[in-house]
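Peer 1: Single-letter residue listing:
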Amino acid sequence: MLTVLAGVVATGGALSLTKNASASPKPTLVVYSAQGYDKATVNAFIATNPGFKVTLNDNSTGPLLQQIQAEGSHPTWGVLWVDGATAFAQLDREGLLAKHVVPKVNFNKVGLANIPADGSYVPTGVTATGALVYDSAQISKSQLPKSWAQLSSSTFAGKIGMNDPTQSGPTYPLIAGLMNYLGHYTGKGSTAKAVKAGESYLTTLKSNGLVINATNGPTLGALASHTISMAIIQSSAGYGAEISTNPTFRVAYLSPATALPGVIGIDGKMPMAVQAEAQKFVNFVLSAKGQHVMQTGDPQGDSLFWPVISGEKNASKVMPPLSSVPLQTINPSIWGALETPVNNWFTANINNG
Amino acid sequence: MSVQLAPSANRAIPRTTPLAAPPTAGTSTSVTSPARRRVSAGSLVLWTLLGLLIIAPVGCFLILAVSPRVFQQGPEWFTLRYVREAFSGSTLTGIVNSLWVSTAVALIATVLATTIAWLVQRTNVYGRRTWTVLTWLLLLVPTWTMTLGWTDLLQPFGVASVLGVNTGWLYGEFFGPTGIVVVLSTAALPFAFFIVSAGLRLLGPELEDAARVHGAGRWVTLRTVLPVIAPALLGAFTISFAETMSDFGVAFTLGYHSHFPLATFTLFSAISNFPANFSVAAVIAVVLILSTIPPIMLQSRVMRRRSFAVVSGRTRAVRRREFSPLARVGVTLALAMVYLVALGVPILGAGIGSIVQNLGVYSSGAVHFTTAYYQQILHPAIVGQGLGAPLMLSNQIGLIVATLTGVVALVLARRLVNTAGGWSQRVTDVFLMGSVAVPGVVLGVGYIFLYDQPFITGHLVNLYKTLPLLMIAMVASSLPGQTRFMAGPVSQLQPSLSEAARVHGAGRLRAWRTTNLPLVSRVLVWGWLLTFTKVIAELAVAQILYPPSQEPVSVTIQSYLANNLLGDGTAMTVVTLAEMFGVIGLALLIYRLVAPRGWRRVGVSELGS
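One line per chain: the protein sequences are Y and S, in this order. So the first sequence is residues 1 to 353, counted in our numbering. So the second sequence is residues 1001 to 1609, counted in our numbering.
Pulled out of the complex, with its shape left as it was, chain Y reads as follows (with noise of 0.2 Å):
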């Protein structure tokens, strides 16, 4: 066995082992992210921050979460960076995040709304979830529904298009504002009134033929292939598209679409010489240098956000101005602690009813 073993670590050093072990006094970093432009990030840090030791485990969200709560009490990440803060909300509830870590920048008005009390997580940009995609070839912007309540009229009946939250990350947020906006619910109280108004939306969707895909790009080629003619699906996805593979692709809002901030925080349980240089990375970030590598290196999907700094302008044409686009933002702590039922309820009733 140890024979084996070692064979393998030794094969596995040949092969360029990444793995921390060296003794050099300076900590190494590892980032977990699923942004696109994660790399072309953390690449720019290390040209600016000569002698940081950055480790990315670049991953869709999913298996990074699975990780990060797999790895329970003996966490391996110093910084975490994907869409959403409903994960970044449990994580801190499970006190696992370290406070006060957002960097004195001047947010705007989305940015602000974005950032927890407890200072446990940033907003890095922010895109909108529940963006209603479609493909221009097939129904003009005149023809398009005007109100959540119009998209779930016999009207649009098998022409409407989702993804699966349990397999896609940003479609949780959106069912959950959803329901937060058809409840009407205000941020305090019981939430089984919202929760109830949002089933019976979604139920009323599946009886007019709603379209299910696990992600993106299957719901998009969906679209392509005019199974579809509408998507309610991430923004960024939309524009991507409409850049890139889909020219007729365009993307509206329905009032409202829910913000979906693109998340970093720094793992509490580290030692304090990485949380430092976690801290300097999340720094970088949202320093200008850091916002305009975030809008070049993934230039047809990730980098199509809104920033949440001041006076940063958007990556791409084809996006309208932020105040533009009707967003409301839902409280993450609230709505993450119901991710598990509600999907559950998704899967049974909806997915798979």
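Hints in this document: simulated from the structure, not taken from any laboratory. These numbers come from a predicted model, not from an experiment. Quick reminder that beta carbons are idealized off the backbone N, C-alpha and C, glycines included. Hints may contain errors.
[Said to hold, decoys possible] Over 10 Å on every C-beta distance to chain Y, these chain S residues come out as not near it, computed from the model: (1) 1103; (2) 1128; (3) 1156; (4) 1417.
[Stated by the list, open to error] With the Cβ distance kept under 10 Å, some of the chain Y side facing chain S (calculated, not the full set): (5) 75; (6) 113; (7) 215; (8) 222; (9) 343; (10) 347.
[Said to hold, decoys possible] If you anchor each label on the Cβ, the simulated ranges turn out as follows: (11) Y/113 with S/1163: 26 to 36 Å; (12) S/1368 with Y/328: 40 to 50 Å; (13) Y/187 with S/1163: 30 to 40 Å; (14) Y/53 with S/1502: 52 to 62 Å; (15) S/1460 with Y/109: 21 to 31 Å; (16) S/1388 with Y/200: 48 to 58 Å; (17) Y/112 with S/1076: 49 to 59 Å; (18) S/1368 with Y/296: 27 to 37 Å; (19) Y/193 with S/1368: 47 to 57 Å; (20) Y/273 with S/1072: 51 to 61 Å; (21) S/1130 with Y/141: 52 to 62 Å.
Given chain Y's structure and the hints, the job is docking chain S onto it.
Peer 2: Just chain S, lined up with the frame of chain Y:
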């Protein structure tokens, strides 16, 4: 009774093996004691290895079913809440679906494999070696690539539409239980085929002749012969069942899109939420593992009831049934149709799909063919986002994992055979079959639970988030199947061969190299190729355990497909498959050039080519 993937699995073998003379009373102690000590030491090493590779990581995951607090996944030290939760709603539906689908697939695969094996071994059907080689290729193609090929073919504005074939009527059928059973049956077919082939190969023509002499028709003859190869049929059924229960590729693609949940997908779904419900996933994993026990028990029960020993030194060579010219052509065409559906259609679907511009996109105009997707993946606009580095890495991982797995599996297979009939063999047998049913995602997360523990990372070895840990997990994932694959050929090795070499002065290694290696060299090569290709295509373990910045090719492909880059993802799949087939061809060529001619002739009938 062991269930083996490959040749000569049935217990008839010992009848042909010279029996050792029973030890005399005076010598028994001196002979058996060292042997027992050796066995004990061997057992200890082996089970320690299996413990570190499979038992401990999987156990870490499974214990969460009733005790989530062990790994801080809940407040309870003991609870049955998650058992109740798993046996309700869509998870229960998934379990029930998996059980009936696996049973149906195992039956279909066994019947189909038996028919094909009989045609190849007992008739003059055309292209007998070709069908065997194609079955090998079928074994090597991962199920998710098969599904991708079918999807490319049948989806709206897909390859069939491009070729002017209206498959709208088939689309709805295929994306449902029918398609799932078809694809899984074709995936299970090779496992069943090689086991049944081995059973048939060992069966002489005497029984068929006797039945015919007594006036039996074809049906009665069949009913006479089939029970005799019951061990092989049951073995084929069991392995097909276990492989289908644990399949994730079809569950994640066809199953999901047709809203037909299978247990492996509901397991995956349970841990896709945040916070993940590892406890419900663990209950489902336990069900998957336990589900393999009834087929094994049935097999043992049948084997205990009667003897199936039919092989003797006087077994005559089989006489092939001669079809009439017309029937021969007809049967060959039918066989070709089976392989066209099983292998040709998905590969053609993916191949053509990768050169159609905007596959799956509505178009009322002419179809345009393009090589743009290949250019993009080979020369990506953004450095580091191409296919080259991930494919190279996966090949390196495959090379190491296949070699390590081959060595350990050979040792394990020898042990399995040497302990035949004893409790150790039964335990090993059940353990291996249960391990086949362990989904990769369970193994992956179990590895995090175990190998991120401070007492390991701080005091023993810190492998978490490294390539070595990923490779060890891949070895663990491949080992059960590989061992079963090798157990058959290894069971044919007669101890007298190496004993004779030792008597003539050869050392242990030389004795093995000169007597055993020639007999198993071919199966070692094919076993190596089997693991190599499975490792390159493996997704579940890879996605959870790949170290930072070192993405295997399966993860890269999945990432492209999930991000609306169907053309790029399909082109990547085609290049990866082509590369895999290239390695297979190269390995077989090297074997042909390097191995002595006598080595190559051993086992040709069951391994083809």
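Peer 1: Hints first: check each against the structure and report whether it holds.
Peer 2: Hints, one by one, checked against the model:
The Cβ of residue 1103 of chain S sits about 21 Å from the closest Cβ of chain Y, beyond the 10 Å cut-off, so the non-interface label holds. No beta-carbon of chain Y comes within 10 Å of the beta-carbon of residue 1128 of chain S; the shortest separation is about 40 Å. Chain Y draws residue 1156 of chain S into its interface by the beta-carbon criterion, the shortest separation being 4 Å against a cut-off of 10 Å. Look at residue 1417 of chain S: its CB is around 22 Å from the nearest CB on chain Y, clear of 10 Å, so calling it non-interface holds up.
With a least beta-carbon distance of about 9 Å to chain S, the hint placing residue 75 of chain Y at the interface is held under the 10 Å criterion. Because the closest C-beta pair between residue 113 of chain Y and chain S is about 22 Å apart, greater than 10 Å, the hint is violated. Of the supplied interface hints, the one on residue 215 of chain Y holds, with its beta-carbon coming within about 5 Å of a beta-carbon of chain S, less than 10 Å. Taking 10 Å as the C-beta cut-off, the interface hint given for residue 222 of chain Y holds, the closest approach to chain S being about 9 Å.
Checking residue 343 of chain Y against chain S: minimum C-beta separation of about 5 Å stays under 10 Å; hint holds. Given hint, residue 347 of chain Y at the interface with chain S, holds; its Cβ is 5 Å from that chain's nearest Cβ, closer than 10 Å. Between residue 113 of chain Y and residue 1163 of chain S, the C-beta spacing of about 53 Å breaks the proposed range 26 to 36 Å. A beta carbon spacing of about 43 Å between residue 1368 of chain S and residue 328 of chain Y agrees with the range 40 to 50 Å that was offered as a hint.
In this structure the supplied range 30 to 40 Å is violated for residue 187 of chain Y paired with residue 1163 of chain S, their Cβ-Cβ distance being about 56 Å. Checked against the given bound of 52 to 62 Å, the beta carbons of residue 53 of chain Y and residue 1502 of chain S, roughly 56 Å apart, stay inside it. The supplied range of 21 to 31 Å is broken by residue 1460 of chain S and residue 109 of chain Y, whose beta-carbon atoms lie about 52 Å from each other. Taking the beta carbon of each, residue 1388 of chain S and residue 200 of chain Y are about 51 Å apart, inside 48 to 58 Å as hinted.
One distance hint, 49 to 59 Å for the beta-carbon pair residue 112 of chain Y and residue 1076 of chain S, is violated here, with the actual separation near 40 Å. Our hint of 27 to 37 Å for residue 1368 of chain S and residue 296 of chain Y holds, since their Cβ atoms are close to 31 Å apart. In this structure, residue 193 of chain Y and residue 1368 of chain S meet the distance hint of 47 to 57 Å, their C-beta atoms being roughly 53 Å apart. In this structure, residue 273 of chain Y and residue 1072 of chain S break the distance hint of 51 to 61 Å, their C-beta atoms being roughly 25 Å apart.
Range check, residue 1130 of chain S to residue 141 of chain Y: Cβ separation about 58 Å, and the 52 to 62 Å hint holds.
When each numbered hint is compared with the structure, violations occur for hints 3, 6, 11, 13, 15, 17, 20.
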